[in-house]
Amino acid sequence: GNSVTQMEGPVTLSEEAFLTINCTYTATGYPSLFWYVQYPGEGLQLLLKATKADDKGSNKGFEATYRKETTSFHLEKGSVQVSDSAVYFCALSEVMGAQKLVFGQGTRLTINP
Amino acid sequence: KAGVTQTPRYLIKTRGQQVTLSCSPISGHRSVSWYQQTPGQGLQFLFEYFSETQRNKGNFPGRFSGRQFSNSRSEMNVSTLELGDSALYLCASSLAPGINNEQFFGPGTRLTVL
Chain A
1353 GNSVTQMEGP
1363 VTLSEEAFLT
1373 INCTYTATGY
1383 PSLFWYVQYP
1393 GEGLQLLLKA
1403 TKADDKGSNK
1413 GFEATYRKET
1423 TSFHLEKGSV
1433 QVSDSAVYFC
1443 ALSEVMGAQK
1453 LVFGQGTRLT
1463 INP
Chain B
1367 KAGVTQTPRY
1377 LIKTRGQQVT
1387 LSCSPISGHR
1397 SVSWYQQTPG
1407 QGLQFLFEYF
1417 SETQRNKGNF
1427 PGRFSGRQFS
1437 NSRSEMNVST
1447 LELGDSALYL
1457 CASSLAPGIN
1467 NEQFFGPGTR
1477 LTVL
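Top line first, the protein sequences correspond to chains A and B.
Its first residue numbered 1353, the first sequence is counted upward by one per residue in the numbering used here.
Its first residue numbered 1367, the second sequence is counted upward by one per residue in the numbering used here.
Treat the hints with care, as some may be off.
Here are the simulated lysine to any residue pairs, SDA-like style, with alpha carbons at most 20 Å apart [claimed, not checked]: (1) A:1452 x B:1445; (2) A:1408 x B:1468; (3) A:1452 x B:1419.
Anything over 12 Å on all C-beta distances counts as not near chain A; from chain B, calculated [stated by the list, open to error]: (4) 1370; (5) 1374; (6) 1383; (7) 1394; (8) 1412; (9) 1413; (10) 1429; (11) 1430; (12) 1431; (13) 1443; (14) 1445; (15) 1469; (16) 1476; (17) 1479.
Since the hints were made in silico from the structure, they are not lab data.
Since the model is a prediction, treat every value here as computed from it, not as a measurement.
Idealized CB from N, CA, C, for every residue including glycine.
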C-alpha cells in the first residue's frame, strides 16, 4: 500500500538556521503530495502542496519539490523563526478523486531564539 | 467564514461505553473526512463522506461508524470503547472530493477512554 516516511524528530534549531525535513513516499500511480503543520492544541493546516512531478510548492518561506525519480518531497526553509515551532506532517493523496490522505509520522520542530 | 467545528473538544469515557463525535464543515463544503491521531499510530484515515454517502473507509473495525446529514454535518460513532481508542479525532472538510480541493481541518475532539 501507499506510505510516507519522514525523518525522525524531534528537530531543534536556532533562529535563522536552515531547515530540511526529509520525506519519501511509496505509491502506485502519481499521487499529490502535501506538507501540513500542526500547532499545539490545533488541527492541521495545509502548508504547501504539489500535484505532479517537478512541481514546487511554496508558502511562508517554506518550499518542497516533487521528485518522482527519488520519490521524495523534502521540506526546506532558508531561515526559520521561533514561530515555526510546530509538528510537520508529510502526506500523499491517493489518486483520482479520493480525499484519503496518507500521513507520515510527523516531525516535531523546535526553534530556539 | 467560520472554520470546521468539532464538538465536543474533550471527552472522557470508560471502556465499553459508546461515543458520538460531531463535525460541522465550513459553509458550502460538502465533503467530510475523519482521521484518528495517536502517538503510536500517527494519523490514520477513518472515513470520507460526500452527499450523505460514504465514499471511502479506512482499516478500522466495525465499531467505528459514521454518517453525514443533508446539511453536510457529520457524526462518527465508536461503540464498545477500548483503551486503545483514546486519541485525537480530526475532521476535515472540502468543497467536494478531489485532490485539487483543499481539506480544512478542525481542532479535533480529544477522547480519553479509562
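Against the structure, the hints:
1. Only pairs whose Cα atoms come within 20 Å are accepted, and residue 1452 of chain A paired with residue 1445 of chain B is rejected, the gap being roughly 23 Å.
2. Distance check on the hinted pair: residue 1408 of chain A and residue 1468 of chain B sit about 17 Å apart at the alpha-carbon level, within 20 Å; holds.
3. A distance of roughly 15 Å separates the Cα atoms of residue 1452 of chain A and residue 1419 of chain B; the hinted pair therefore holds under the 20 Å criterion.
4. The non-interface label for residue 1370 of chain B is inconsistent with chain A: the shortest C-beta to C-beta separation is roughly 7 Å, within 12 Å.
5. No Cβ of chain A approaches the Cβ of residue 1374 of chain B within 12 Å, the least distance being about 15 Å, so the stated non-interface status holds.
6. Its beta-carbon lying about 25 Å from the closest one in chain A, residue 1383 of chain B satisfies the requirement of being farther than 12 Å from that chain.
7. With 12 Å as the threshold on Cβ separation, the claim that residue 1394 of chain B sits away from chain A holds: the shortest Cβ distance comes to roughly 16 Å.
8. Remark: the non-interface label on residue 1412 of chain B conflicts with the geometry, its nearest Cβ contact in chain A lying 10 Å away (cut-off 12 Å).
9. Separation of residue 1413 of chain B from chain A is inadequate, the least Cβ-Cβ distance of about 9 Å not exceeding the 12 Å criterion.
10. Annotated as non-interface, residue 1429 of chain B keeps its C-beta farther than 12 Å from every C-beta of chain A; the closest such distance is 20 Å.
11. Even its closest Cβ contact with chain A, about 15 Å, leaves residue 1430 of chain B beyond 12 Å, as expected for a residue assigned away from the interface.
12. Residue placement check: residue 1431 of chain B keeps its beta carbon more than 12 Å from all beta carbons of chain A (closest about 17 Å).
13. Every C-beta of chain A lies more than 12 Å from that of residue 1443 of chain B, the closest at about 20 Å, which supports listing it as non-interface.
14. No Cβ of chain A approaches the Cβ of residue 1445 of chain B within 12 Å, the least distance being about 23 Å, so the stated non-interface status holds.
15. Under the 12 Å C-beta cut-off, the non-interface status given to residue 1469 of chain B relative to chain A is violated; the minimum distance is some 7 Å.
16. Against chain A, the non-interface label of residue 1476 of chain B is violated: not every CB pair exceeds 12 Å, the least being about 10 Å.
17. Chain A leaves residue 1479 of chain B outside its interface by the beta-carbon criterion, the shortest separation being 20 Å against a cut-off of 12 Å.
In this structure, the earlier hints numbered 1, 4, 8, 9, 15 and 16 are contradicted, and the remaining ones agree with it.
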